[in-house]
Amino acid sequence: MTWLLWRQHRLQAAVAGAAMAALAVLLWITGVHMADAYRACRASATCSGSTLFQGQGYGPLQNLVTLTLAVPLLLGVLWAAPLIGREFETGTHTLAWTQSVTRRHWLTSKLVVLIGGTVACSAALTGVVTWWSGTLNSLHGNRFDGARFDTQGVLPIAYSLFAVSLGVAAGAALRRLLPALGVTIFGFVAVRILVEGYVRPLFQHPLVATFRLDQNDPISSGAWVISQTVTLNGHEVSNAVQGPGPCAGTGSRSQMDTCMSDLGYRMVTKYQPANRYWPFQFIESAIFVGLAAVLIAVCVIVVRRRDA
Amino acid sequence: MTPAVTTSQLGKRYGRAGGRTKWALRECTLDVPEGRICGLVGANGAGKTTLLKLMVGLARPTTGSVQVLGRVPGDDPAFLRDVGYLAQEVPLYRRWTAADHLAMGAHLNPVWDAAPTRQRLLDLDIPLDQRVGTMSGGQRAQVALALALGKRPRVLLLDEPVAALDPLARREFLATLGAAVAEAESGLTVILSSHLVSDLERICDHLVVLAESRTLLADELDDIVASHRLLTAPRRDPGPIERQHTVLRTEQTARQTSLWVRLNGPLPDPTWHSDPLSLEDIVLSYLGQRSRSTNDVATVIGGVR
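Order-wise, the sequence lines are chains A and B.
At position 236 of the first sequence (counting the first as 1) the number is 252 in my numbering, and the numbers step up by one without a gap.
At position 146 of the second sequence (counting the first as 1) the number is 420 in my numbering, and the numbers step up by one without a gap.
Just so you know, the hints here were simulated from the structure itself, not pulled from any lab data.
Ideal Cβ placement from N, Cα and C applies to all residues, glycine included.
All clues given are correct.
Now the in silico label distances, taken between C-beta atoms and shown as ranges: (1) B:Thr545 to A:Arg322: 56 to 62 angstroms; (2) B:Gln404 to A:Ala29: 22 to 28 angstroms; (3) A:Leu194 to B:Ala380: 31 to 37 angstroms; (4) B:Gly452 to A:Ala29: 39 to 45 angstroms; (5) B:Asp403 to A:Leu155: 54 to 60 angstroms; (6) B:Pro401 to A:Ala29: 24 to 30 angstroms; (7) A:Gly107 to B:Asp403: 22 to 28 angstroms.
Only some residues are given here: those of chain B computed to face chain A with a beta carbon under 8 angstroms: (8) Val330; (9) Asp350; (10) Leu354; (11) Leu366; (12) Lys425.
Take the sequences, apply the hints, and build the full model.
Encoded structure:
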């Protein structure tokens with residue numbers, strides 16, 4: 017089976033390896049440079065962090081790193097869906113199943129190679145991206161929200177496992193490549209949006225900080241801020257009536273803030289503190305790995321039960 | 275003689291219970307003795323493909339049982355090692371060369387005839403380093419046959435192997451198959467399906483006729499030809515013949531009665547004129563009979579086992 021899998025998938029392996037190597041080299045060179053610049057900046061008194069990397073061509077690179085969000089989906093579409101789906105579509109599975117290798121052995125080998133390759137590829141990717149993003153995380157004081165959370169840490173590995181499991185199960189169940197690709201893309205995007213938008217905020221109750229408008233934000237840096245609202249005596253004030261009202265004409269912005277705070281206006285912030293970063297990473301990873309396990313089980317049942 | 279393949283009341287239904295279901299094969303009972311080349315003939319949709327898939331373990335029976343070389347077909351290396359199979363659509367990896375396919379055979383089978391398999395393709399002028407996707411249908415079929423033969427199977431199952439080939443490629447394919455059977459030291463049993471009797475007549479010594487998912491006839495070719503006759507006589511009541519023999523087809527004209535008959539014993543009435551039937555006529559009379567009447571055909575196959 018090793019020979020068969022290598023002969024069938026060596027091109028995919030080579031392409032993935034080359035792409036990973038190119039990205040790693042690019043990120044390593046720029047990453048070292050960024051880290052040096054950031055260190056030098058912090059050592060000097062005149063450094064302004066907010067403008068540090070502006071106008072130096074780092075924008076596209078940042079976008080490229082954000083785009084690694086799509087790598088799990090690429091693995092699901094390019095590796096996983098055709099792995100069994102194309103064999104079924106072209107009938108070549110009957111060729112493999114009537115050599116002296118059992119169907120069980122064939123399937124196990126395929127899945128082991130798929131999952132092993134996925135873990136290796138996504139672990140290497142998230143390793144490089146997490147390391148490269150370290151400088152920008154420090155600079156912005158945040159790695160917890162949006163695409164940073166999704167492209168760093170252990171989560172990309174879990175996303176990749178989910179995507180390839182979905183791809184391979186869809187290919188096995190639908191037996192045709194094109195519908196399997198559709199299900200993989202739609203399913204992955206839908207589940208990701210659902211979990212990120214509606215499930216992730218529920219992992220732990222968010223903390224609530226209530227403070228005067230003229231106070232500095234007491235939330236430690238690195239937190240994931242979910243919402244910020246202004247309240248009056250505990251009731252949320254809509255943006256429309258938030259205007260200066262009775263404090264109009266009190267002068268500077270800070271004087272106005274003091275005036276409004278004296279009247280009972282407060283800032284209420286819901287947030288997940290920075291120290292929940294890793295628990296959140298692991299909880300969400302567990303969800304996606306669990307879904308992947310279910311899909312792999314479906315794939316195994318479909319392939320072993322179904323008539324050729 | 276021990277049967278290489280034996281089936282008993284074998285049936286296969288596709289579709290879910292409760293939903294729309296279709297019997298692809300029903301009540302199929304037959305023995306194919308070891309060392310035979312057995313033709314499996316029937317109209318399209320008669321269940322030939324299903325029967326072969328059940329024999330190689332690619333499908334599982336709904337009813338009845340099938341045994342190949344004394345084993346139930348399944349996910350078992352010892353079983354798979356002894357059985358070669360060539361599917362109807364001749365699946366090959368289109369971007370691979372013939373040599374790649376032979377290498378696959380060598381890697382996935384404990385026994386592999388590397389040199390003879392290679393030589394077989396070279397003798398047919400099949401370029402080993404050409405992608406099979408760019409080969410002709412005949413060449414692809416030869417590559418697939420070489421792959422199935424290379425593992426030195428004891429039972430070889432071929433599903434409509436020549437259906438898509440031109441007459442010359444068809445002849446070459448059957449010649450390769452015949453040579454392989456002659457070379458095989460320990461009796462190779464071949465079952466090949468076709469809807470063309472003329473192909474089977476050339477190479478087979480055993481025949482199974484399937485129609486509408488049932489077995490109509492299964493016997494040695496010589497016995498089939500010997501036991502089927504066309505009886506003609508001036509117009510008369512066919513009743514006495516029908517009581518003693520199996521009448522497959524009756525034609526009455528104003529002056530003459532013609533009966534296509536399977537003889538279940540000697541013909542006592544010498545006033546009937548008895549002519550031999552060609553194999554094609556025999557098969558067609560079975561298939562025609564089946565489409566005209568849906569009576570139980572168990573009586574027809576009753577004499578087979």
